[in-house]
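Enquirer: Residue-level listing of the chains:
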Amino acid sequence: MIKPLGERVVVKVSEQDMKTASGIVLPDTAKEKPQQGEVVAVGKGKILDSGALAPMDVKKGDTVLFAKYSGNEVKVDGVDYLIIRQSDILAIL
Amino acid sequence: MIKPLGERVVVKVSEQDMKTASGIVLPDTAKEKPQQGEVVAVGKGKILDSGALAPMDVKKGDTVLFAKYSGNEVKVDGVDYLIIRQSDILAIL
Amino acid sequence: MIKPLGERVVVKVSEQDMKTASGIVLPDTAKEKPQQGEVVAVGKGKILDSGALAPMDVKKGDTVLFAKYSGNEVKVDGVDYLIIRQSDILAIL
Amino acid sequence: MIKPLGERVVVKVSEQDMKTASGIVLPDTAKEKPQQGEVVAVGKGKILDSGALAPMDVKKGDTVLFAKYSGNEVKVDGVDYLIIRQSDILAIL
Amino acid sequence: MIKPLGERVVVKVSEQDMKTASGIVLPDTAKEKPQQGEVVAVGKGKILDSGALAPMDVKKGDTVLFAKYSGNEVKVDGVDYLIIRQSDILAIL
Amino acid sequence: MIKPLGERVVVKVSEQDMKTASGIVLPDTAKEKPQQGEVVAVGKGKILDSGALAPMDVKKGDTVLFAKYSGNEVKVDGVDYLIIRQSDILAIL
Amino acid sequence: MIKPLGERVVVKVSEQDMKTASGIVLPDTAKEKPQQGEVVAVGKGKILDSGALAPMDVKKGDTVLFAKYSGNEVKVDGVDYLIIRQSDILAIL
Numbered sequence: 001m002i003k004p005l006g007e008r009v010v011v012k013v014s015e016q017d018m019k020t021a022s023g024i025v026l027p028d029t030a031k032e033k034p035q036q037g038e039v040v041a042v043g044k045g046k047i048l049d050s051g052a053l054a055p056m057d058v059k060k061g062d063t064v065l066f067a068k069y070s071g072n073e074v075k076v077d078g079v080d081y082l083i084i085r086q087s088d089i090l091a092i093l
Numbered sequence: 001m002i003k004p005l006g007e008r009v010v011v012k013v014s015e016q017d018m019k020t021a022s023g024i025v026l027p028d029t030a031k032e033k034p035q036q037g038e039v040v041a042v043g044k045g046k047i048l049d050s051g052a053l054a055p056m057d058v059k060k061g062d063t064v065l066f067a068k069y070s071g072n073e074v075k076v077d078g079v080d081y082l083i084i085r086q087s088d089i090l091a092i093l
Numbered sequence: 001m002i003k004p005l006g007e008r009v010v011v012k013v014s015e016q017d018m019k020t021a022s023g024i025v026l027p028d029t030a031k032e033k034p035q036q037g038e039v040v041a042v043g044k045g046k047i048l049d050s051g052a053l054a055p056m057d058v059k060k061g062d063t064v065l066f067a068k069y070s071g072n073e074v075k076v077d078g079v080d081y082l083i084i085r086q087s088d089i090l091a092i093l
Numbered sequence: 001m002i003k004p005l006g007e008r009v010v011v012k013v014s015e016q017d018m019k020t021a022s023g024i025v026l027p028d029t030a031k032e033k034p035q036q037g038e039v040v041a042v043g044k045g046k047i048l049d050s051g052a053l054a055p056m057d058v059k060k061g062d063t064v065l066f067a068k069y070s071g072n073e074v075k076v077d078g079v080d081y082l083i084i085r086q087s088d089i090l091a092i093l
Numbered sequence: 001m002i003k004p005l006g007e008r009v010v011v012k013v014s015e016q017d018m019k020t021a022s023g024i025v026l027p028d029t030a031k032e033k034p035q036q037g038e039v040v041a042v043g044k045g046k047i048l049d050s051g052a053l054a055p056m057d058v059k060k061g062d063t064v065l066f067a068k069y070s071g072n073e074v075k076v077d078g079v080d081y082l083i084i085r086q087s088d089i090l091a092i093l
Numbered sequence: 001m002i003k004p005l006g007e008r009v010v011v012k013v014s015e016q017d018m019k020t021a022s023g024i025v026l027p028d029t030a031k032e033k034p035q036q037g038e039v040v041a042v043g044k045g046k047i048l049d050s051g052a053l054a055p056m057d058v059k060k061g062d063t064v065l066f067a068k069y070s071g072n073e074v075k076v077d078g079v080d081y082l083i084i085r086q087s088d089i090l091a092i093l
Numbered sequence: 001m002i003k004p005l006g007e008r009v010v011v012k013v014s015e016q017d018m019k020t021a022s023g024i025v026l027p028d029t030a031k032e033k034p035q036q037g038e039v040v041a042v043g044k045g046k047i048l049d050s051g052a053l054a055p056m057d058v059k060k061g062d063t064v065l066f067a068k069y070s071g072n073e074v075k076v077d078g079v080d081y082l083i084i085r086q087s088d089i090l091a092i093l
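Chains as they are written, first to last, in my numbering: chain X, 1 to 93; chain Z, 1 to 93; chain R, 1 to 93; chain C, 1 to 93; chain D, 1 to 93; chain V, 1 to 93; chain H, 1 to 93.
Derived from the structure by calculation, the hints contain no laboratory data. Accuracy of the hints is not assured; some may be wrong.
To be verified - With the C-beta cut set under 10 Å, the calculated list includes, among others, these residues of chain R facing chain Z:
# : residue
1 : Ile-2
2 : Val-10
3 : Gly-43
4 : Lys-44
5 : Ala-54
6 : Pro-55
7 : Gly-61
No experiment lies behind these values; they were computed from the predicted model shown. From the three backbone atoms N, C-alpha and C, an ideal C-beta is built for every residue, glycine too.
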């Protein structure tokens, strides 16, 4: 797996949030809600102005929630991932 | 419950502030006033440049006041929540 | 009374500055002058990057001066208040 | 006199810079030059990120020079004052 | 090889990401995906406000991923390179 | 002489850079080049976030170079000066 | 030679990068590539918020690469120089 730099995290985006429990795709406006995905790789953390390293709060395997349009999309071995900064992650599910 | 990251807080938004004591919905301009909600989950706090962790001032169960359009809306198990930064919370009621 | 967060302050805005000593309402342009109000609640203070807490300079009961359009309006028990950051307060009268 | 907060200063603006030595009012463009005034009250100073208080460089009685349109105008007991940040003061005359 | 300053890195951009495995050039929108390249030179690192030097996380020989339009293009001895800040590198492959 | 605040410097702008050695005034585009002047007064220096005072690098009598449109013009006793921040001074001649 | 202030550097811009090896001037778009020049004077360095002085990484005699339109042009004794901040220098050749 690719190694994200700094406080970046690699997330495999879940497609589930685009469907309701009954399998119907939500209309466009509903899609603006945050997306979820699984963390597959975690950077070492952000270096603070003091020189200290801020430890990461998310770890491999966590399911995380993040705002749409955060991060950069990247395809590795045919699979789509998102590389986002931890500061753009809203919560761990 | 989802675990918010950093200084983020999960709030269950109250619908009350859209009605007056006599149950009449306020006109649109009045709705621009701050909203209130109940804190259901609290992050660990913000890491300062010095490396220190700024402790959180709100705790689970607090009723908080925040400006409209703060934070990100998220639906968990069919219930709507708001994930906002503590710095966007105006006051504890 | 509500408890403001961080360096925020709750102010009960005075209507006096919209009238002259002889009771005549000033024209619109004159209303752009700073407003005054009474501090009714004070936050704990701002946490600095060093981790230190900057003590508050205003206290309950102070009459303060602030620029118009600072802060967020909020109605508590039918009374209008303003929640503003201390850094937006110009002076204590 | 009102007590300015932080690094703010209360200045009684002098009207002199709008007249030449011979009493003729300068044309509009000349008025864009910095204005002068007398310091009538001084704040405690700005709290730095380190928690230290940066001492004030101006004191009551100083005649100071500042750029036009700096600060907030305020009328106290019928007299016009300007509340400006020390960082907007250019020099002491 | 040229020596990049601060936290800058010299990268030899790979043209591969503009073709699929079967050799077909991807359409324009697909080209907006991050690009990859090989690190050929690394700066000493960024000097933090504390005076400390933040060590570099990438080293010569690493294959890195970065957002398109990052950095400055430069031609050395007829070969095209990109000089980018490490903070603009997303991940190491 | 007026006392500039913080890292500000008072400069008596030289008119020389608007003429060539042979006395011919340069065309308008050439006038966009930096201007020069003599330092006539120097502030105490800038207070850093650490509380330390950054000592000044220019001193009274230095001939300095600065970009056009830096600083604030001020007339003292009929003479035109410029009050500029040291950080806007490019070099000492 | 003039003494640049802070982290500024004086560079004698080389005209070479506007010609190919065979002497043909490159078209306009190619001219947007970084420019090169020789360092003729170096400032003392930038003062950090901690009060420490960040030592300079370039020295007199270095051939440096920088983005076009960086810095301020200045003519000294009939020769054109560029005064740029070290942070705008991309690399040492």
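Enquirer: Hey, does the Gly-61 (chain R) contact hint survive, CB to chain Z under 10 Å?
Expert: With Cβ-Cβ at 18 Å, over 10 Å, it is violated.
Enquirer: Would the hint on Lys-44 (chain R) be counted as holding, given a Cβ-Cβ threshold of 10 Å to chain Z?
Expert: Holds, because the Cβ-Cβ distance from Lys-44 (chain R) to chain Z comes to roughly 7 Å (cut-off 10 Å).
Enquirer: Holds or violated: the hint that Gly-43 (chain R) contacts chain Z, with Cβ atoms closer than 10 Å.
Expert: holds (8 Å)
Enquirer: When the nearest CB of chain Z is found for Pro-55 (chain R), is that gap smaller than 10 Å?
Expert: Since chain Z brings no Cβ nearer than about 16 Å to Pro-55 (chain R), farther than 10 Å, the hint is violated.
Enquirer: Hint validation: Ala-54 (chain R) versus chain Z, beta carbon distance must be below 10 Å. Holds or violated?
Expert: Not OK, violated: Ala-54 (chain R) not within 10 Å of chain Z, min 12 Å.
Enquirer: Using the nearest Cβ pair, does Ile-2 (chain R) come within less than 10 Å of chain Z?
Expert: holds (4 Å)
Enquirer: Would you check whether Val-10 (chain R) satisfies its interface hint, that is, whether its CB is within less than 10 Å of any CB in chain Z?
Expert: holds (7 Å)
When held up to the earlier numbered hints, the structure conflicts with 5, 6, 7 and fits the remainder.
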